[in-house]
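Modelling step: build the complete structure from the supplied sequences, incorporating the hints.
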Amino acid sequence: MRTALFFILIVIFILPAPLHARDKVLDIQEVTSPGGIKAWLVEDHSIPIIALKFSFKGAGAALDPADKQGLSRLVSNTMDEGAGDLDSQAFQKELRDLSIGLSFGSGRDNFGGNLKTLTRNKERAFELMHLALTEPRFDPEPVGRMIASNQSRIRSSLSDPDWMAVRLLNDMAFENHPYALNSGGTLSTLQSITVIDLENFGKFRLGKNNLKISVAGDITPEELATTLDNIFGDLPDVSLTSPPDLETQNQGQIALYERDIPQTVIEMIQPGIARTDPDFHTAQIMNYVLGGSGFGSRLMEEVREKRGLAYGIYSGFYLSDHFKGFSVSTSTANTSVKQVLDIIKAEWTKMLNNPVSQEEIDNAKSYLIGSLPLSLTSTDSIASLLLSIQADDLPIDYLEQRNKNIGAASAEDIARVTKRILAPEKFVTVLVGKPEGIAATKTYETLPNVE
Amino acid sequence: MLIPLQAYAQTDIKADSPVQGEKVFNAETFKLDNGLEIIVIPNHRTPVVTHMVWYKVGGADETQGKSGIAHFMEHLMFKGSTGLASGEFSKTVRKLGGNDNAFTGQDYTAYFQSIAVEHLEKIMTMEAGRMRGMNPPLQEVESERKVILEERRQRTDNDPRGRFGEQMNAALYVNHPYGTPVIGWFHEMEKLTWDDAKTFYDKWYGPNNAILIVSGDVTGAEVHELAKKIYGPLKRVETIPERNRTISPPLHAQTKVLQRHPAIAQAIIQRNYRVPSYRQNKKDSLALQVIEEIMGGGATSRLYKSLVIEQKLATSASMSYRADSWDDTTLTVYAAPAPGKHPEEVERALEQELRKLVSAGITEDELQDAKTRMQDAAIYARDSLSGPAMAFGHALATGSTVDDVEYWPQRIEEITAEQAQNVAQRFLDPDGKYDHPPVTGYLLPPAPKEVPQENIQKIEPAANDNAADVPPANSEESTP
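The listed protein sequences derive, respectively, from chains Z and P.
All residue numbers for the first sequence refer to our numbering, where the first residue is 1 and numbers rise by one.
All residue numbers for the second sequence refer to our numbering, where the first residue is 1001 and numbers rise by one.
No lab work stands behind these hints: they were computed from the structure.
These numbers come from a predicted model, not from an experiment.
Errors might be hidden in some of the hints.
Here are the simulated DSS-like pairs of lysine-lysine, each with C-alpha atoms no more than 25 Å apart in a straight line [what the hints assert, rightly or not]:
{"id": "1", "chain 1": "P", "residue 1": "LYS1095", "chain 2": "Z", "residue 2": "LYS350"}
{"id": "2", "chain 1": "Z", "residue 1": "LYS93", "chain 2": "P", "residue 2": "LYS1305"}
{"id": "3", "chain 1": "Z", "residue 1": "LYS434", "chain 2": "P", "residue 2": "LYS1146"}
{"id": "4", "chain 1": "Z", "residue 1": "LYS404", "chain 2": "P", "residue 2": "LYS1091"}
{"id": "5", "chain 1": "P", "residue 1": "LYS1371", "chain 2": "Z", "residue 2": "LYS93"}
Here are the in silico distance ranges between beta carbons for each label pair [said to hold, decoys possible]:
{"id": "6", "chain 1": "P", "residue 1": "GLU1225", "chain 2": "Z", "residue 2": "SER375", "range": "27 to 35 Å"}
{"id": "7", "chain 1": "P", "residue 1": "HIS1252", "chain 2": "Z", "residue 2": "PRO448", "range": "45 to 53 Å"}
{"id": "8", "chain 1": "P", "residue 1": "LYS1433", "chain 2": "Z", "residue 2": "ASP85", "range": "45 to 53 Å"}
{"id": "9", "chain 1": "Z", "residue 1": "GLN339", "chain 2": "P", "residue 2": "GLY1133", "range": "30 to 38 Å"}
{"id": "10", "chain 1": "P", "residue 1": "HIS1044", "chain 2": "Z", "residue 2": "ALA439", "range": "52 to 60 Å"}
{"id": "11", "chain 1": "Z", "residue 1": "ILE196", "chain 2": "P", "residue 2": "HIS1252", "range": "54 to 62 Å"}
{"id": "12", "chain 1": "Z", "residue 1": "THR446", "chain 2": "P", "residue 2": "GLU1344", "range": "29 to 37 Å"}
{"id": "13", "chain 1": "Z", "residue 1": "ASP87", "chain 2": "P", "residue 2": "THR1416", "range": "30 to 38 Å"}
Some, not all, of what chain Z presents toward chain P, calculated at C-beta under 8 Å [as the list claims (entries may be wrong)]:
{"id": "14", "residue": "LYS57"}
{"id": "15", "residue": "GLN92"}
{"id": "16", "residue": "SER99"}
{"id": "17", "residue": "SER103"}
{"id": "18", "residue": "GLU305"}
{"id": "19", "residue": "ILE369"}
{"id": "20", "residue": "PRO373"}
C-beta: ideal position from N, C-alpha, C; glycine also.
Below you can see the structure in the form of structure tokens.
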């Protein structure tokens, strides 16, 4: 069945190792197939498992038309529901019987796939992934079932205040941009998606030329090279339009969606910084001190540890291709919303006006560098990390550079980057609940892009 | 206060039955003189470790009226102990590049850190320091009580699904502590004090009621040596109480739980059965695990195929069963009715599938396929640092043995189709009569005329946060 494979000439290029091999976080090999398809690989033969992840850059939900919101999501839900001669149940049964994890997923920017298999079933796993990518059936039964399932998911989310807050934040901060739409679809747009839409998605968005691939586990570079052509070799080249870049919209506004619940969910966002920016790693230190670390962060100390106002409060960078943000999330009793908002503002001001202590800097660096290996403890997590580096077009020695940059950041660098980023007056704030003593500038009666 | 004890290696914790074949994790086991059990799972892929201490005490071991004290104690464990100021534990872990957290269940409370292997000794020293030496400042106790109330609001009270799950549990476990949510009832949580916590701590926290689990880039001998040095001197608790929980009386009425709530747009129908845990009956539990895989395991499972694909009655349908429990455990059958489908119609379809299982059992093919998938899952389980430590912790804290975990694939292999059918007949028959009949729950949008006409234990949506309360369907509170 697979004899053809053995006659293919295998050509592999392995990049020379970086200069300081002992400082390497991960031994990443770049593999190029005979057909010219590239992948990053971390070989590990200690467990008979292979994880393969890939991403079609720029093929995600931001390209979905407003009247077809949820298209990318629906494609991701139906590509594994039958392909080639296998209908939905036959395809799923084979995956189950061979313990193959095969799935697709869609974000705003990228459309991706995951394959996880035991070594003993790898050949069939690769074939099934190839089949799903190139010959998905989109039979009416599974398509209808997946539309119903997504509609059910949306209806279920309507009692989840965290989900509502994020929905509203997207609507506020990304107003008039494709990012403001509901990437999971709305109850009515999902209904309007046709099989033709699904088929065109593959033709026009999934190309060899916008593909990033990462692999970890029990496979050699030689075998991977052949495998890449077998899975992805048939894909066309595509040309994609790109949404415009976006600044934070509705800066300074406070939006309220009133719900009869005991606690108010708070989501805030202001402009941020790109992962490819030379200041990004310095900004990570600032974020860690301010609210990124959970326990020990200034926000957690002030809001939770000293005052017991919330179970948790976190800040973090929102990184997407066309928008860079810096966000804060928490939830607190309706009576203490104003107090928490005041504390957040005060911490922003404090950070802007006072230097961060050397101890805080040292602790942040120590964590950011020291904790990196904790995210490299499974084939899955390694493959995910490799893919995220490639998706941002960062170099193969990015992890080493990252550690070096974090280590080199000085107090002055941090002060400068803090002034560059933090801007409390630019926050757009979303509240879901029944907060007391808050003057909202905008009130939502219904959730946008849900019905 | 601490009396040094001469600790030495003991043999492996005794296996309860002879089993052969390959072990899943190849863990090494030791026991210290002060009673501390030690499990080491070597894994040399990355120079990191996960270090966990599990205490065999949880929400179900609380004194009545003090609900939430096990979980509150878990929070307070971060608030200052011998040699550590409040908050210093987590800050030190972070400073060393590690992550830490803790969680509380009905039967256990666990603390864990993941960190570079060279910091293991430091972490152990801190963890040993809070095993018997907690001493949080009182103002920290006050603020932390507010934190757990916010946690309850966030996890349970802010979403009607949280309260629904809590109420389902309360109805199933009448006069048994599993009916009380781990996070606690709001009105009792408000009144918890440091005295309550200290009483609980002194009674249950000590090396002879704990399991140390280390997974990662270490050998058994290394961990054993370190543990002897660091945990060895800790004094045992004189008498660890028996876990004698109150027993549910036989119940005669069917219980239905109905909650209507304006925020609910997708109805849920759920039936919870009380069934044996692994500790209570290994064979029955293994058979239930096989049944769960066949009935509820994904897109090709019986429930999904019948209700979602073929009959189009529901948009999702599944079964779940958790074997790790000290007393009875819960098996849940669940479906989300499709638009326009009456929940009762969906409930009948679920019952129909159960009847089929009871009367016709499972086929040899289904059994073999399920076994293969379950055994493959054991291979995937090795691809993780903390996962194996979690598996041992859950198992041992609920009365299973190391061998039960290591030879789980072999034990699954022994289950026959007859056993599976027999277990279904004894526990899941919709027409059966049981001392602890299942609880059926409907979570519905407001639509007054659609109320099922039966004995209904009616739950109106709570007017405010303090009135009614709930535990999540899964009885574990993660924290700190």
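Status of the hints after comparison with the structure:
1. P:LYS1095 - Z:LYS350: Distance ~22 Å between LYS1095 (chain P) and LYS350 (chain Z) Cα, so the pair holds.
2. Z:LYS93 - P:LYS1305: holds (11 Å)
3. Z:LYS434 - P:LYS1146: Since the Cα atoms of LYS434 (chain Z) and LYS1146 (chain P) sit roughly 19 Å apart, the hinted pair holds (cutoff 25 Å).
4. Z:LYS404 - P:LYS1091: Measuring from Cα to Cα gives roughly 23 Å; hence the hint holds.
5. P:LYS1371 - Z:LYS93: Distance ~14 Å between LYS1371 (chain P) and LYS93 (chain Z) Cα, so the pair holds.
6. P:GLU1225 - Z:SER375: 27 to 35 Å: holds (29 Å)
7. P:HIS1252 - Z:PRO448: 45 to 53 Å: The hint (45 to 53 Å, Cβ to Cβ) holds, given that HIS1252 (chain P) and PRO448 (chain Z) are roughly 51 Å apart.
8. P:LYS1433 - Z:ASP85: 45 to 53 Å: Between LYS1433 (chain P) and ASP85 (chain Z), where Cβ atoms are some 49 Å apart, the hint holds.
9. Z:GLN339 - P:GLY1133: 30 to 38 Å: Once the Cβ atoms are compared, 34 Å apart, the range 30 to 38 Å for GLY1133 (chain P) and GLN339 (chain Z) holds.
10. P:HIS1044 - Z:ALA439: 52 to 60 Å: Holds, since HIS1044 (chain P) and ALA439 (chain Z) (Cβ atoms, about 59 Å apart) stay within the stated range.
11. Z:ILE196 - P:HIS1252: 54 to 62 Å: Roughly 59 Å apart at Cβ, these two residues keep to the hinted range, so it holds.
12. Z:THR446 - P:GLU1344: 29 to 37 Å: holds (30 Å)
13. Z:ASP87 - P:THR1416: 30 to 38 Å: holds (32 Å)
14. LYS57: violated (28 Å)
15. GLN92: Holds: closest Cβ of chain P sits about 4 Å from GLN92 (chain Z), inside 8 Å.
16. SER99: holds (4 Å)
17. SER103: violated (11 Å)
18. GLU305: holds (6 Å)
19. ILE369: holds (7 Å)
20. PRO373: holds (5 Å)
Of the hints listed earlier, those the structure fails to meet are numbers 14 and 17, in rising order.
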